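**Q** Could you put together the complete structure from these sequences and hints?
Going line by line, the protein sequences match chains A and B. Remember, our numbering sits 8 above the position in the first sequence when you count from 1. Remember, our numbering sits 37 above the position in the second sequence when you count from 1.
A hint or two may mislead.
[Said to hold, decoys possible] Sample of chain A residues lacking proximity to chain B, with all beta carbon distances greater than 10 Å (derived):
no.	residue
1	I26
2	A74
3	Q224
[Stated by the list, open to error] Cβ-Cβ distance ranges computed for the label pairs, FRET-style:
no.	chain 1	residue 1	chain 2	residue 2	range
4	A	R62	B	D54	49 to 57 Å
5	B	D106	A	S230	57 to 65 Å
6	A	V154	B	S205	58 to 66 Å
7	B	D106	A	R198	22 to 30 Å
8	A	T209	B	G150	16 to 24 Å
9	B	S165	A	L71	44 to 52 Å
Read the hints as simulated data drawn from the structure, not as lab findings. Keep in mind the model is a prediction, meaning the values are calculated, not measured. Built from N, CA and C at the ideal position, the CB exists for glycine as well.
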Amino acid sequence: MHRLPPQVKVVALLVFVIAVVLMPREAFWAHALAGCLIAGVMILAELPAGFVARRMLVEVPILIFALLLPFFGQGPTTRVLGLTLSVEGLWGAWTIIAKATLGVGASVVVSATTTIPDIIRGLDRIRVPRVITAIAGFMVRYLDIVAGEFARRRVAMASRGYEPRWLWQGGPLAQSAGSLFIRSYERGERVHQAMVARGFTGRMPTYGDRPASLRQWVLGLSVSAVAVVLAVLSVTVIR
Amino acid sequence: MSEPSLEVAGLFFSYPDGHQALRGVDLHVHHGERVALLGPNGAGKTTLLLHLNGILRPDGGTVRVAGLDVSDEAAMEVRRRVGLVFQDPDDQLFMPTVGQDVAFGPANFGLVGAELEARVAAALGAVSMLDAIDRAPHHLSYGERRRVAIATVLAMMPEILVLDEPTSNLDPASRRELIDVLRALPITQLVVTHDLPFALELCPRALVMDEGSIVAGDDTVDVLSDEILMKAHRLELPYRFDPRGGTGR
Ligand SMILES: Nc1ncnc2c1ncn2[C@@H]1O[C@H](COP(=O)(O)OP(=O)(O)O)[C@@H](O)[C@H]1O
Ligand SMILES: [Mg+2]
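**A** This is the structure in structure tokens:
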């Protein structure tokens, strides 16, 4: 799992998510099997449970939203445990929770086994325009440096007694952001010089991405393929 | 004598704000030589380096690299021949991984596939950083980043390696590793530095630059021992350091 080429993982994730979205909501079994599939892959990839749980937290806002639906849904109602709930709302909640959980779960697997540079490289391989991937690459590379500079600036200010508590005390910090911008701009100029010095003419070269082998594609897409089969079965069998 | 690796003659340059940074620079570096370029802050050293591969264009004078004039037509070839290592490795390492960064130069000059990978591996090997090939530059220590920055230009197989203050911000152990790496490289080197013991250990010959021109040039030992010259150009040896003593070479 960790060694699959990034483009395979990105495509596999995409196919899996599409398959899950296409499953009819009545097909509980298909969703359940897809869930087992993801859980199986997580175990295969040896992802620690706590790690997965923390990553899954991004789903919480979606869950809260979904749980509210049955209370505010329109149309016919049903009584569950003494609560009057909208039938459509219940279906909506189920669909969102099931599909979001599967989608987030699959994304967690890919992001946990792939570094951001690799994901960018994967996007590059599947022909996402070079400009976009180059910008994404620069952001990953320099985010950290700019954030580091900002943090150092704050420490320097704090150690000279500047401790903004209220919005109207933020002036110096804002000014410092201004000079940070200039510094970043000057760095950009120096980086550009360094690129030109190594023969940069405006086109980013590719390197290091060996094309994925057929075996790797088959391996990587097998999980998604099962999900596709589930989706197709659930569409034809249930309907 | 053979044709010099680098030959600079009568170089003049003013920045757009009117500040005259170079006022007639003359120097040469022979093939296989290691030469130190010393001088106080603001002497024009960095400005001079930016002329060596045509990033800045002179108002007058010439720069020749292995007999090739630095001019518009030859710009690409000159950039391949001059390996410029900038002062701040964070300016030089801009790709997501070390391997991609080292490949950037040779790939721009048309190298692909196995040949490119071999070139990258050789360059990283030369600075003992092959293990870091898949790591992100910002996860490396400052000394490691400096060595990777050197690998990025070695990968272009330059005629001459040009370094701007390579020991700044290095701890003593990283500085020692850098000296060992540079001494082992069989390549012409021009090294700008404020680290005079470093210059003495690495470079047999030293040039002194001040106020936009070369004011002295001789055996490094003799330059560092010339107290009047040193004082006049704000160069100061570490406390109790004797360039003629047992230290260095
Ligand atoms: N981009 C610039 N614009 C205007 N003046 C500059 C610029 N860069 C450097 N200078 C000036 O040119 C002179 C030489 O600078 P530099 O080559 O960086 O010196 P050194 O590297 O020897 O410390 C200095 O006086 C500096 O202030
Ligand atoms: Mg400088």
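**Q** Now tell me, hint by hint, if it's right for this structure.
**A** Okay, the hints, checked on the actual structure:
1. With a least CB separation of 28 Å from chain B, I26 of chain A remains clear of the 10 Å interface cut-off, as annotated.
2. Non-interface status of A74 of chain A relative to chain B is upheld: no Cβ of that chain comes within 10 Å, the nearest being about 36 Å off.
3. At roughly 17 Å, the least C-beta separation between Q224 of chain A and chain B is larger than 10 Å, which holds for a residue marked as non-interface.
4. Between R62 of chain A and D54 of chain B, the C-beta spacing of about 52 Å keeps the proposed range 49 to 57 Å intact.
5. The hinted range of 57 to 65 Å is satisfied by D106 of chain B and S230 of chain A, whose Cβ atoms lie roughly 60 Å apart.
6. Here the CB-CB span from V154 of chain A to S205 of chain B is close to 21 Å, at odds with the stated 58 to 66 Å.
7. The hint said 22 to 30 Å for the Cβ distance between D106 of chain B and R198 of chain A, and at roughly 26 Å that hint holds.
8. Between T209 of chain A and G150 of chain B the beta carbons are some 20 Å apart, a value that agrees with the proposed interval 16 to 24 Å.
9. Range check, S165 of chain B to L71 of chain A: about 50 Å between beta-carbon atoms, so the 44 to 52 Å window is met.
The earlier numbered hint that this structure contradicts is number 6, and it is the only one.
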